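> Here's the letter readout for the chains.
Protein chains: 2
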Amino acid sequence: MNIPSKLIQDAVTEFSKLPGIGKKTALRLVLHLLKQPEESAEQFGAAIVKMRKEIKYCKNCHNISDAEQCGICTNPARDKSLVCVVENIRDIMAIENTNQFRGTYHVLGGVISPLDGIGPEQLNISSLISRVEKKEVSEIIMAISPTMEGDTTIFYVSKQLAEKPVNITTIARGVAFGGELEYTDELTLARSIASRMPYENYLIRKK
Amino acid sequence: MNIPSKLIQDAVTEFSKLPGIGKKTALRLVLHLLKQPEESAEQFGAAIVKMRKEIKYCKNCHNISDAEQCGICTNPARDKSLVCVVENIRDIMAIENTNQFRGTYHVLGGVISPLDGIGPEQLNISSLISRVEKKEVSEIIMAISPTMEGDTTIFYVSKQLAEKPVNITTIARGVAFGGELEYTDELTLARSIASRMPYENYLIRKK
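Chains A and B, in that order, give the protein sequences.
The numbering of the first sequence is this note's numbering, which starts it at 1 and goes up by one.
The numbering of the second sequence is this note's numbering, which starts it at 1 and goes up by one.
It is possible that part of the hints are untrue.
Straight-line alpha carbon distances no greater than 25 Å define the calculated SDA-like cross-link-like pairs of lysine to any residue that follow [to be verified]:
(1) B:Lys80 / B:Lys6
(2) A:Lys59 / B:Glu38
(3) B:Lys159 / B:Arg131
(4) B:Lys35 / A:Tyr57
(5) A:Lys50 / B:Glu54
(6) A:Lys53 / B:Gln43
(7) A:Lys6 / B:Asp91
(8) A:Lys53 / A:Glu68
(9) A:Lys6 / B:Lys6
(10) B:Lys6 / A:Leu18
(11) B:Lys35 / A:Glu149
(12) A:Lys80 / A:Asn97
Keep in mind the hints are simulated off the structure, nothing from the lab.
Nothing here was measured: the structure is a model prediction, and the numbers come from that model.
Pulled out of the complex, with its shape left as it was, chain A reads as follows (with noise of 0.2 Å):
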């Protein structure tokens, strides 16, 4: 495409830098941005500049926060001794949005990769573990995608905790509530089978 101006194509080149947006989508949002009034702009890329730079991560579970602790980690409503591993903060926010769990989180910051050359040493693994030798916690549940990196993190994660005094749980797989078994893959069925439970349970939980 052949844009006439350089300040039009610096931008759309930022825009198109965003994952899912191409060239033509950047070229929407720019010119969108264009017919706003100057002031929008500016609060646009103040927004942006100010988020990125005054960002701050718990210290204690690597969530995002304003302040040195998140509201999570600092709320003693929260059950301490049950941390639920999460691979990114988008996961903690869904979690949250269940209003179901009342234990605390840890990021990982993602899953281990070689071929996208991100190793355990890459993720906040080490900090997961100085968190439990401190006797703090008890339980963690390893709510990570059911992926093959997602499988060799969670299996990564509970050698280097064998030792250590706590109990380590995933999430439970199986058929999605409102799922039929026709479209569901084999896997997961096959899984589903296998890791079948009590018909009492079920109905506890569903409740």
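Add chain B to chain A, keeping to what the hints say.
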């Protein structure tokens, strides 16, 4: 969605003001920027603010431009007597990409749409008329979307220019190359039969 940081919340709000970007996509983009080095986010913000602040519009045709007149208006190889009237600069880019048009442009900045509060005075129509009055223009090609608002705009502009020594044409409407008759809407099909053309012309134009 419960976002645990006001900084992130602000950035998400800004992103979700953009067309076609909802809360979830906005959050994904913000978290992506958060993972980038600080300079990237700064560069992103700066490119947008700079673009909005420093952009100029060609004083002749209202195309975007880094100088007082755009590259098309200042190009001596362009035919100044032929003016293609378009809604916005994206249309210029689309026509330029065909590499077929050697005239100049005039950007209206939209179409007449009373429902959206856009009347003729909000569009660059008076500057088009003064271009015609300078007797530089012999033909005006109306390359406006074939919607009701577009047709209204063409009608209004042609009325304004009725007394002036200028030919007004519109781009051809018809079945697109590669389009199937079966799936063409009735209006287009009916119009393309009404404005049929000699086969010899078809052969020339297809070359």
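> Does each hint hold? Answer for all of them.
Going through the hints against the structure:
no.: 1; hint: B:Lys80 / B:Lys6; result: 53 Å, violated
no.: 2; hint: A:Lys59 / B:Glu38; result: 19 Å, holds
no.: 3; hint: B:Lys159 / B:Arg131; result: 16 Å, holds
no.: 4; hint: B:Lys35 / A:Tyr57; result: 12 Å, holds
no.: 5; hint: A:Lys50 / B:Glu54; result: 22 Å, holds
no.: 6; hint: A:Lys53 / B:Gln43; result: 12 Å, holds
no.: 7; hint: A:Lys6 / B:Asp91; result: 18 Å, holds
no.: 8; hint: A:Lys53 / A:Glu68; result: 15 Å, holds
no.: 9; hint: A:Lys6 / B:Lys6; result: 34 Å, violated
no.: 10; hint: B:Lys6 / A:Leu18; result: 22 Å, holds
no.: 11; hint: B:Lys35 / A:Glu149; result: 20 Å, holds
no.: 12; hint: A:Lys80 / A:Asn97; result: 19 Å, holds
Checked against the numbered hints above, the structure violates hints 1 and 9; every other hint is satisfied.
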